[in-house]
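K.L.:
0 is the number of the first residue of the sequence shown in numbering that gives the first Met the number 0; add one for each residue after it.
Be careful, since some hints might not be right.
Here are the computed lysine-lysine pairs in the BS3-like style, where the Cα-Cα straight-line distance is at most 25 Å [to be verified]: (1) LYS190 x LYS277; (2) LYS162 x LYS141; (3) LYS95 x LYS80.
Hints are computed from structural coordinates only; laboratory data are not their basis.
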Amino acid sequence: MNFLIIRLSSLGDIILTQAVVASLRRHFPNCRITFVCKEAFADIVRIMGSNIEVLIWREKLSFFKELREQEYDVAIDLHGKLASHLITLLAKAPRKYRYQKQRKLRQQIVKHKTEERISSTVDLYFSALTELLPDERGEQPKLYPHLLVKEEPALPEAWEGKKVIAIFAGAAHFTKTYPLTQYRDFLRLAKDDWRFIFLGSEAEKELSEAIRSSFEAISINQCGTHDLASLAGLLQKADLVISSDSGPMHMAAALGCRQIAIFGSTHPRLGFAPLNPKAEVLCADLPCQPCTLHGRESCPLGHWDCMTQITPQMLFETVEQSLSD
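Required output: the full structure, derived from the provided sequences and hints.
P.N.:
The structure is reproduced here in structure tokens:
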């Protein structure tokens, strides 16, 4: 069997597709799997295991020429966007499947017209396999950084014997970020043996520096210094990962890290909760949550209570409990 899997972006969504890829490899051990994604996420696909070939998505005719040079038995669209529709349409594959995004249900959840919830995005991805593997159910996605990372990132020698807490302070949208002042107040509560490493993209470096500027003795800022595979390798060294509802949250889950996921304007009901038995979710569960599917730049009600009601003390107590388990 020759499979073509299509998920172009973004970080968290691509990580969640690993469950589908692993299932195909398990049921068709001799199959060939080609995964189409943007170049920025290629290394994440390469550390999924399952011996995946990566085809880099480019908005050029040369991409479609390369696509048409291969024949596939099955094409699976796990993105559901115009570009992925086009790739699926033009792929030489007699069988083509697309996952059910549950757009209408998600819109109803955001508009508070239903009490239903989506168990996980992974379950939605497996809707594309209903005909191929009708009884298959998704498992926790997994990543294997050692497939690419030959030299693991190092932590400060002075941190030997300390509890290392990785913090992803940023997010793609403002209403998904834990407030800067509350992160500072949380750091003031830190125990003597806690150390903090701030991680994320180069764009999040300034925010992280603003949070830790008064706590340089117990923290370092490595935003923008690691590629995705190295970042995954580094997270394996952390005792705990703190993040918002974001790609790094799903990365930590796929690595089996102890983690705390903070939800603001979004909500686990939308199917984005971390699939990890070691995860703790902090969510205020306000009547106005969720107010958006992916985040927004300001609170539509002007109060941002979904984040401000998750107090630094609550975060401290959750960290303390997670580290003691």
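K.L.:
Against this structure, judge whether each hint is valid.
P.N.:
Consistency of the hints with the structure:
1. LYS190 x LYS277: Holds: LYS190 and LYS277 sit about 21 Å apart, inside 25 Å.
2. LYS162 x LYS141: Distance ~24 Å between LYS162 and LYS141 Cα, so the pair holds.
3. LYS95 x LYS80: holds, 15 Å
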